[in-house]
Amino acid sequence: MNRNQTMILGVAIVILAAAGGLYVLQSRASSGKTSLVVSTTTSLYDTGVLDVVEEAFEEESDVDLYFISVGTGLAITHAQRGDADMILVHAPSKERAFMEDGHGVCRKIIAYNFFSIVGPGEDPAGIEGMSPVEALQTLVQLGREGSAVWVSRGDDSGTHTKEKGLWAEAGFDVNELVEEGWYREAGAGMGKTLQIADEFGAYTLTDMGTYLKYYKDGLIGLEVQVGAGEELINVYSAIAVSEVSNPDANFEGAIEFIEFLVSEEGQSIFAGYGVDTYGTALFNPAVSLLSDGGDPTTASWIEAAAYFDGSECPADYRAGQTKLYR
Amino acid sequence: MASEILEGLLKALTLIARGDPTLTEITLRSLAVSGLATVFACLWSIPLGVVIGLGRFRGRRVLRGAFNTLLGLPTVTLGLVLYLAFSRSGPLGSLRLLYSPAAIVVGQAVLITPIIISFVSSTLEAVDPDVRELALTLGASESQARLTVLGESLGGVALAITASFNRAIAELGVALMLGGNIRGVTRVLTTSIALETGRGELSLSIALAFVLLVIVAAVNASVNLVRRRI
Chain C
1 MNRNQTMILG VAIVILAAAG GLYVLQSRAS SGKTSLVVST TTSLYDTGVL
51 DVVEEAFEEE SDVDLYFISV GTGLAITHAQ RGDADMILVH APSKERAFME
101 DGHGVCRKII AYNFFSIVGP GEDPAGIEGM SPVEALQTLV QLGREGSAVW
151 VSRGDDSGTH TKEKGLWAEA GFDVNELVEE GWYREAGAGM GKTLQIADEF
201 GAYTLTDMGT YLKYYKDGLI GLEVQVGAGE ELINVYSAIA VSEVSNPDAN
251 FEGAIEFIEF LVSEEGQSIF AGYGVDTYGT ALFNPAVSLL SDGGDPTTAS
301 WIEAAAYFDG SECPADYRAG QTKLYR
Chain F
1 MASEILEGLL KALTLIARGD PTLTEITLRS LAVSGLATVF ACLWSIPLGV
51 VIGLGRFRGR RVLRGAFNTL LGLPTVTLGL VLYLAFSRSG PLGSLRLLYS
101 PAAIVVGQAV LITPIIISFV SSTLEAVDPD VRELALTLGA SESQARLTVL
151 GESLGGVALA ITASFNRAIA ELGVALMLGG NIRGVTRVLT TSIALETGRG
201 ELSLSIALAF VLLVIVAAVN ASVNLVRRRI
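Line order of the protein sequences matches chains C and F.
Once you know that position 89 of the first sequence is 89 in our numbering, the rest is easy, because the numbers rise by one and skip nothing.
Once you know that position 51 of the second sequence is 51 in our numbering, the rest is easy, because the numbers rise by one and skip nothing.
Heads up, a few of these hints could be off.
[To be verified] Pairwise CB distance ranges (calculated): (1) Thr280(C) with Ile5(F): 28 to 34 Å; (2) Leu10(F) with Asp123(C): 36 to 42 Å; (3) Gln5(C) with Leu71(F): 33 to 39 Å; (4) Leu10(F) with Glu60(C): 37 to 43 Å; (5) Gly10(C) with Glu4(F): 41 to 47 Å; (6) Gly20(C) with Thr77(F): 38 to 44 Å; (7) Gly146(C) with Ser222(F): 53 to 59 Å; (8) Leu10(F) with Ala17(C): 32 to 38 Å; (9) Ile5(F) with Pro124(C): 29 to 35 Å.
Note that these hints are calculated values from the structure, not bench results.
Every residue gets a Cβ at the ideal spot worked out from N, C-alpha and C, and that includes glycine.
Just need the whole structure built from these sequences, with the hints factored in.
Below is the structure:
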């Protein structure tokens, strides 16, 4: 064999080996189970609660969960483009648009917690205990005087959507605030935004799950200044992608997973997650609260914030899955 | 800062010593995905590099310039463009590659193509033109003369392959956008580092980065050994 033939043989062997390797890698990925791609908000995935959910669900189901952790905005875009079978999100206004566009069906509220306005421990703006609207108005005033700084997510996530809504309630237009020096856009995830706010001694809006994790681990020193209350309720929902808008979506799998999330077992995972580590649950289960009325005040807050036309999912959007809405 | 890095190093060593199954799995997947991407990219990039480096045709400079420019393409942008292509509503959606290891392989192969082409073509240009002339005078055909020049610059080609593998295994944008960082399926070293940083697990992040650096260092060292032999 001359040198050229040896070279060609060598290249052929490498190509065959590579093709074989790719095949093995790819087939390992599909374990024979049907896969369910769930685009989820970062606050649910990055806190680790979905790892526990995944383990419990996959134990009893033939559906393999593929979580893609992105902001609520991108999660909805994924679903619209046909790249996700269902979404877990927390921005009711966007969820409603997603459903009205014909992409989302079978919405179920699965959990809630509260957003908080956090800031430096010594609270230079003195907003502790104020209502969110008062607090934001105070921060604008002090910010313009140069004695307070606000850090915004600025990434179109669920938390950012909530923040924009709060500024509107307080009578300000975010598009104008971003032009002012004291209002800084991080354009980053929650953890990064908290660290930036901590660095600047600034105030920011955060979901409690991410905040508690960072606070307990000593990564930030920010303290909660404005906490639990009607205006700051944070409601997480699951929405399946409609079979009509995307016939290829794994609709059956999505319904099976939603049923699990709202089942007693699924809800107890939310109730228990984080209790050992943080002394308090990071998320509260919402299903029994909304059905048996054990805590009418909180239930009415959830209804005001996240119900559409008096229901978590109006009858037109139930896609025949009445068992979810008994 | 120093204490966190030390803590990360210690964590890396404990995880490695324990043979942590998750770490092993993620590391092997990273090696396989980026190794495959490098092999596939070489298939078309080395011949193209040879053509551009030794060819005499119109537009050669423009082509070289184009590939040199692509060296500066941000990985997030490439990831986004390929996501749009592989998305179910995109032109290649029917291949069903999105969120699979193969998608990352394709993405990284595209990412490193300009690196190999640029390195190979410049290393060939740097070979003394007399080598080629001599081969031709001694009766070699045009393609045999090209192979001779390529043989003279194997060191540069090896460098091109190493640099592109390192680029592939250390990039984040493509792996995140095309793979989705799905546990047990498309989670590789860089996407785990990003996830654990977001989760505030800083020492674990540093541990993973340490593993990544060890791999890159090992690859470099072994390629250097081989290069000295040729």
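Hint check results:
The given range of 28 to 34 Å is respected by Thr280(C) and Ile5(F), whose C-beta atoms sit roughly 31 Å from each other. At roughly 37 Å, the beta-carbon separation of Leu10(F) and Asp123(C) lies within the given 36 to 42 Å, and the hint holds. For the hinted restraint 33 to 39 Å between Gln5(C) and Leu71(F), the CB-CB distance of approximately 35 Å keeps it satisfied. Look at Leu10(F) against Glu60(C): about 38 Å separates their beta carbons, and that is inside 37 to 43 Å.
Our hint of 41 to 47 Å for Gly10(C) and Glu4(F) holds, since their Cβ atoms are close to 46 Å apart. Against the hinted window of 38 to 44 Å, the Cβ-Cβ separation of Gly20(C) and Thr77(F) comes to about 32 Å, which falls outside the hint. The beta-carbon spacing between Gly146(C) and Ser222(F), approximately 58 Å, falls within the hinted interval of 53 to 59 Å. For the pair Leu10(F) and Ala17(C), the supplied restraint of 32 to 38 Å holds, since their beta-carbon distance comes to about 37 Å.
As the Cβ distance of Ile5(F) to Pro124(C) is approximately 32 Å, the hint placing it in 29 to 35 Å holds.
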